[in-house]
Structures are given as C-alpha cells and as structure tokens.
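Just so you know, the protein sequences line up as chains A and B, in that order.
Taking this note's numbering, the leading residue of the first sequence gets 1, the next gets one more, and so forth.
Taking this note's numbering, the leading residue of the second sequence gets 1001, the next gets one more, and so forth.
For the record, the hints were derived by calculation from the structure and aren't laboratory data.
Bear in mind the structure is a predicted one, so any value in this text is a computation, not a measurement.
Please note that a few of the clues may not be correct.
Stated by the list, open to error - Here are the simulated EDC-like pairs of lysine to aspartate or glutamate, each with C-alpha atoms no more than 20 Å apart in a straight line:
hint, chain 1, residue 1, chain 2, residue 2
1, B, Lys1356, A, Glu49
2, B, Lys1373, B, Asp1184
3, B, Lys1356, A, Glu37
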Amino acid sequence: MLKYTVDHEWLRAEGDEIVVGITKHASEQLGDVVFIELPEEGREVEAEEEVVVIESVKAASDITAPVAGVITAVNSDLADNPGNVNDDPMTAWFFRIKPASLDVLDSFMDEAAYGELIG
Amino acid sequence: MAEELRRTGLYDLHVAQGARMVPFAGWEMPVQYPMGVMAEHLHTRDKAGLFDVSHMGQVLVHPLDGDLDSAGAALETVIAAAVLGLPEGRQRYGLFTNDRGGILDDLMFANRGDHYLLVVNAACAEQDIAFLQGLSGVEVTPVTDRGLIALQGPKAAEVLARLLPAAAEMRFMDSRSLDWNGVDLWLSRSGYTGEDGFEISVPNDCLATFAQALLDHDEVAPIGLGARDSLRLEAGMPLYGHDMTGDVTPSAAGLGWAISKARRADGARKGGFPGAATVLAELADGVSHTRRGLRPEGRAPIREGVQIFAEAEGGVPIGDVSSGSFGPSVGGPIAMARIPVDLADGATVFAELRGKRMPVTVTALPFITPSYKR
Chain A
1 MLKYTVDHEW
11 LRAEGDEIVV
21 GITKHASEQL
31 GDVVFIELPE
41 EGREVEAEEE
51 VVVIESVKAA
61 SDITAPVAGV
71 ITAVNSDLAD
81 NPGNVNDDPM
91 TAWFFRIKPA
101 SLDVLDSFMD
111 EAAYGELIG
Chain B
1001 MAEELRRTGL
1011 YDLHVAQGAR
1021 MVPFAGWEMP
1031 VQYPMGVMAE
1041 HLHTRDKAGL
1051 FDVSHMGQVL
1061 VHPLDGDLDS
1071 AGAALETVIA
1081 AAVLGLPEGR
1091 QRYGLFTNDR
1101 GGILDDLMFA
1111 NRGDHYLLVV
1121 NAACAEQDIA
1131 FLQGLSGVEV
1141 TPVTDRGLIA
1151 LQGPKAAEVL
1161 ARLLPAAAEM
1171 RFMDSRSLDW
1181 NGVDLWLSRS
1191 GYTGEDGFEI
1201 SVPNDCLATF
1211 AQALLDHDEV
1221 APIGLGARDS
1231 LRLEAGMPLY
1241 GHDMTGDVTP
1251 SAAGLGWAIS
1261 KARRADGARK
1271 GGFPGAATVL
1281 AELADGVSHT
1291 RRGLRPEGRA
1301 PIREGVQIFA
1311 EAEGGVPIGD
1321 VSSGSFGPSV
1331 GGPIAMARIP
1341 VDLADGATVF
1351 AELRGKRMPV
1361 TVTALPFITP
1371 SYKR
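Chain B on its own, in the form it takes in the complex (with noise of 0.2 Å):
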C-alpha cells in the first residue's frame, strides 16, 4: 500500500487556487495552475512567482561546544565545499558525496550567527538528515514547524519590500533572518530559476497568511513543480536524480565549480569528504564528459534518456540526455546531457529520437541569461 502523502501548510491554498495536485517525493505539491505551465513560466521571468517548496528538508546544525567553526568542520567531513570561511549572514552551494565520488545529495547551508542552516532535496531528506546526525560534536535539528516558500522573478524583490523593507539591502546568496509582524522569517537571496529571488522560511502557522500577503500583489502569481523544472532547466540548473546522482561525479555534473580552492588538493584544508580522492584527481586532471546544454534544430523536445550520437548514422551513443523538455523562454526545445568535453560549443550532434537521429546543436549553459543581485 502506498505511504501516505505529505501536505504542505499551503495545501488548502494550492486548491483553492485550482492547482493540479500530484504525489511529489512522498509529497502532494501543485504541478500546474490554471495558468497552465508555459504561461506560469513566462510570468515568473515577466513578474514574480511564487513557488511553495516546503517539501524541502530544512536542517539546523548547532555546535555542542558553541564554536561554530566545530560544527563547520564537522559539516567538512560529508560536504565537498568549504563550510569554514563562509562569513555569517552568507550562503552556499554544496554537495554530499559518497565514497566513489558520485554526488548523494546537493544542497544550500548558511552561517546563522551560531549554527548553519541547510536546505536539502525533498526526496534526500531522510537519507541527508541519518548521516548528518551521525556527525560528533554536533546537533542536527530537522526543521519541522516550517514551510519554505521561494519567490522569484524581476518583480520578486520590489513586492518582497512592501512587506518587508530590509529585504531589498540583500545580496545574491545573503542569508539573514527578518521580523514581519512578530513572525520570524529566515530569509536567503537565493533560488532555482536564473531569476533575482527569495527562499523564505516561515512558521507553518503562519505560512498561508504570508503566502497570501504576497499574493495580494497583482505583480505575483502562483507556480507549480512544472514551470519550476522548466525555469531551473533554462538556468542551466541540475536536477538532483536526473543531472546528478551517486554515480555522478562532481566534475561529471559540471559542479567542479562549488568545490572551492580550499579543499582542492592544493588547499589548506584538502579533500577530508568522502571519495575525495576521486573527486579532486578529476579536478585536478579533468574528465571525459561532463553536463552540457543542448538545442535540437527541429520543435521536437528531447528528453530525460535520449541517446546522443557523434554521428547521423551508426556509432555508439556519446552520453544521453539527463534533462529536457521545451524551453518557454528559449522558445524551443532544450536539454543536458553528459557528453565528450572535448566537444566545441555549436558542435552539431544527433539524439536518436523514436527511432530517428535528430541534430542538436551543443550549447553554452545556462539557456538564459541569469538576473542575480549580485
């Protein structure tokens, strides 16, 4: 018998809305509005939108002897980023790697004064949240009495200020923590869409008011898991299970980028995560394939499996795709695919669509041009 589904604080919203409802890494999230997913897409690009992501693992790490820098070592020993050095009222990118290398997890973790606040994947919580607890000299604290809702969008920041003025000051990547009528918010500059946008943890009894407060701005329109994989997939943005797995090296995910200097091996504080070995001799000496965007020429969207080929005819597959659906704001179809670095941007290739080869053409990712507030 299937595991019951989880409902976020917003649920009854996300109806009253008329959102199409489906099962969601043992969640029920709004897939679609009304609106419908292109026209939801377009709006989060043209206004703002606002997305509940409270299916997402929140995770508070406090160090037991008061030392941040305890917990943020410890943070080190699982997470191929430097934890250590992040300044407080700051966020980051990392990710959890298991023994080959390949990538268990990716997520966000921000210095809170005395503790790190992390945000991961819905369907990874469980796992993420077992090993983080068996870290020493930490307390691990799964947030349960919180939604997080992120809006996003060229509108987000100026409806974000008429209810709360000092969130227009933050940075892209700021993390800090803001009173809205007696309600404290945990707020990052952060998202998954290439849009200028918040992440916004809020208390459960507390969540709808404040979604509808921002509903209320005629610049806001609700968004559903939908519009959201087309937005991240357009920002060139991987998806954790799709881009990204435990067979998926970091540098393979082309996610070399969030291992800073530090833990590199000619770092102060190299390697120390698991299958750091791995992981910094591909650094060091790169890979063979790494994540690369592509465009079919033709409307017909490529898929999550599609094969790709060096060649029109014959041959053995280069990679396949690990994204892709059609791009609203590109205006045609778009997609990821680990294939040979070695390949030039607008390098022409095929992907053997129902039994045809269709050329696409490599690209530079992101699709877009990403709107951070840098």
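Isolated chain A (complex conformation) (with noise of 0.2 Å):
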C-alpha cells in the first residue's frame, strides 16, 4: 500500500526497505524536470536530510528522506531521463531507502488523506 509525505512523495514498502518517488500533483507544480542529481548508494541518513537535488526549467528543489536509514539503491536511468518525472511520477522511483523498521510508514498519510491534503 502506498504512503504519501506532506513533501509530496509516495512510499513503497518493498521487503524491508521503502521505495521513493514524487506524486503526480509535486511533478505538475515542478513542470518540466531537466536535471537530477541522486544521493551516493550506501549513503546512511537521517530524516527530512535533502539527499536528492531537482531541477526543472523554472527552479531547483529537493527531495528529502522521508525516514531515517540507508541509501540502497537509486535510479540513475532517472538523471539521464529527467522528463520521466513528468510523464509517469509514480513509476519514476528516486531511491530504495532501508529504516530500521518498516513501522515507520505507519506515521505517513494513507492516499485519501494525501487526496485531502492537495485538495
């Protein structure tokens, strides 16, 4: 089941590790991603650290760790195909985060609380 964070990411418990994308409604305020820049594998970070930069044609953004834990893997296909972003933001994953529990999504919004929160 799908998480969503007030930073308008989703979360995908996989196993034992949470997989990180942006929502359709943050790809829309964004518009056009032209540049990605993905934390280093095996990074270790803490929660809300800004550990993905995100730039569209109007501005720079980031991506922080919604929990605390290690970088398990990323998408580089992302940073060569920006645009992904756009064209289908719940398929697009930044980064395979590991917590050390999955009992930390629990805090996260189910999709009709996400829904409430974008309007």
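Two chains, two separate frames, one set of hints: put the complex together.
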C-alpha cells in the first residue's frame, strides 16, 4: 500500500526497504524536470535530510529522506531521462531506503488523507 | 497588506486556456499553460506563440510645439540612444541611465509621425513615466486603454498576414498602424524570443477578440512567462532587474551597441544623458567585465546568483550568474554572467553549485541563431 508525505513523496514498502518517488501533483507543480542529482548508494541519512536535487525549467528543489536509514539503491536511469518524472511520476522512483523498521511507515498519510491535503 | 494585482484584458482568456496565474510586477500573469514551459518554448521556435505582454508600459510622447524633433531632443536627455534621426515608421532599442551610468530601464521607442511610442518594462513603468513627465516641451501620456500582444515564431508572419495582409510587408523593427475590422492596431516587427514576430498594441475592448482570432489558427498556441524567459535567455537578451540594474552600465551589460555613434564621444550629439561621462569613457576605453554566455558541461542548470571562479579550487569569484536556466532548444543548461572580457570564447571557468565547482564554457551570445526579417 502506498503512503504519502507532506512533501509530496510517495512511499512503497518492498521487503525491508522503502521505494521513494514524487506524486503526480508534485511533478505538475515542478513543471518540466530537466536535471536530477541522486544520492550515493550506501549513504546513511537522517529523516528530513536533503538527498535529491531536482531541477525543473523553472527552479531547483530538494527531495528529503522521508525516514532515517541507508540508501540502498538509486534509479540512475532518471539522471539520463529526468523527464520521466513528468511522464510517469508513480513509476519514476528516485531511491530505495532501508530504515531500522518499516513501522515508521505508519506515521504517513494514506491515499485518502493525501488526496485531502492537495484538495 | 499586499497591493491588489492588476489584470490584463486577456485574464479571462488565460483562465479559460487553463493557465497557471502568478503575480508578476504587480500584475496577475500566466506563467504557463497546460502544455508546459518546455513544450511552449519549442512550439514558439517551431510554429507561433501568442504572448500577453499587456503588463508592459506603453507611453506616448508628443512635442508641445508640434515639431517631433523637439520631443526627440527631450528624450535624448534621458535615453542613451539616438532618438533624433530615427525615421518615421521605425523602432529602436534604448536605455534609460542614471547619474552613475547604470541602467534604469531598457525600452523600445518608435517614431509614429507626430509622436513617439515608448514601450517600457512593467516593473519600471511608474518610475519611467514619472521622470518622462519631468521633461519640458513634451506631453507624456501613459496608454491605459490598450493591451499588448506578441506573436512570435517562424509562422507568426504567415498567420498574422491572414488577418492583416500588410503586416507581411513590414521589416524587422518597422512600426506602423494597421486597420483590423475598424480597429486601429499599432504593430512593430520585433520581440523578445530571437524569432521573427510582431508586437501588437490593441484597444482593450478588442484585445480578447483579436487574441482569439490569432489563437483560432492551428499554428498558434498561448505561451506563458516561463517560456518567455527561456526564449529570451537562449536569444541572449538581457532581462531588466537581473542582467542589468542601476549598478550595471551599458558596457558591463553588453549593451554598448545600443548607444549609436551620434551620442558617443566623437558624435554630433555626444553625451547629454545621465551618467554620460562614465558611459562614454567605458565605450572608448573598454570595461573589465561584461555580460557573456555560459554553458555548463553537465546537465545541472546554474541560476541567478551562482558564483563563477577561474579555477576548479580556491580563488575569489570572477562574477556571478545574472540569468540562468535550461534552454529547451539548446537542449542543455545555459546562463549569462558578467565575467572578465579577456576570457576567450571556449574558455573553461567554474560555477560553484551546492558546494561543488562545475566546469562551464564561456560561449558567444546568443545561444541560438535569431531569425529576424531584416
């Protein structure tokens, strides 16, 4: 089941890891994405730490780690094809992160709650 | 409390087209339409884009004595360009300067027979009108009952000629009035995209009808401020408040060319505008830094304020980015910065981005080849 953050990230549990991307709403707000800088695999990050730089034609933004953990994989294909974030944001994942426990997911919004957030 | 935003005569049309409206220089303007900045940009370079530029200030300057040269001479006291000698039906680019030789605003001015028509930046309009009204011997009239539309792109002339056949006869920087179903339109063949195109001043009560008549043609799409910015950046055109300010002289802004020979040190009407001593000395002796193009080697855009260094490590900044983004037609990031003139085109310098120095190549402006109909 997908969970959502107030920073418009979607989170999907897979095994003991969380796959992270941004929502359609976020990609529409950003506009055409032209550059993505991904974190190094193996990096240990704190919750709220900036881990991805995402640049659209209009502006630069950050994506933060939703939880503390270790970055286990990044979608390096995105760096070459940043427009995928606009074309299909729900499959254009940025990174996988392994938290101490998947219980942290309970604190995030479900789809209904996120839908209310973005109106 | 924020001042209420002004709306152009095309506000309803923008909303109907699905535009995202943003505050800009006191106006509520479309930044993009559902097509998106990238596609809008490419559409303009491929076909024709329609821009609402009604926020820009249109100002009429009439001579009180009926002699246009009186108005031209008065304007030359505040504009660092040759106003006198501009033939009827022609338009020219100029700069308002301050006492230090810095740029107060840039503008287009056209000789319309018995008066001049000036088009100034929205954010500077109030200031410009105030000091124009301080000139003697002229009547200064802000145009409040008209909007301004730009139609830009390789199909602009063909489309416009379907409505106004005579528009096709105009050359780059021509300015004239044309009748459209009894409506008096003021046209110039110019723009801010690097493409052939027109700027058309339309009475407010016909603005939406005229815009819709253009949009009814398949080649034409509405284009927002986002793409307007990336188009002008690729065309190497400076933006007021960013690439030029009151602290930047014409030579430092790379706009020395706008000061015609007649106003220079050896000219018939040398100086006579604010800051002329500084401006003319720089034109004669050169400057250390000027506006240059930059192309980052990677994909990351470098934006306004990013510092430029000569070396990959250490040293002090040699300039900073005044405009920078992604160039959709170039297919990569592009920027402009005031950096040393003695750096050759093709030289590598370094932009400090998020704590890292990235190699960027000094590049001649513009980034694209303009296609004006001269």
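Practice task
Could you grab the alpha-carbon distance between B:Lys1356 and A:Glu37 and see if it respects the 20 Å cut-off?
Solution key: The given pair, whose Cα atoms are some 13 Å apart, holds under the 20 Å limit.
Practice task
Would you mind confirming whether the straight-line C-alpha gap from B:Lys1356 to A:Glu49 stays at or under 20 Å?
Solution key: holds (18 Å)
Practice task
Verify the proposed pairing of B:Lys1373 with B:Asp1184, using a straight-line Cα cut of 20 Å.
Solution key: With Cα atoms ~24 Å apart, B:Lys1373 and B:Asp1184 exceed 20 Å; violated.
When each numbered hint is compared with the structure, a violation occurs for hint 2 only.
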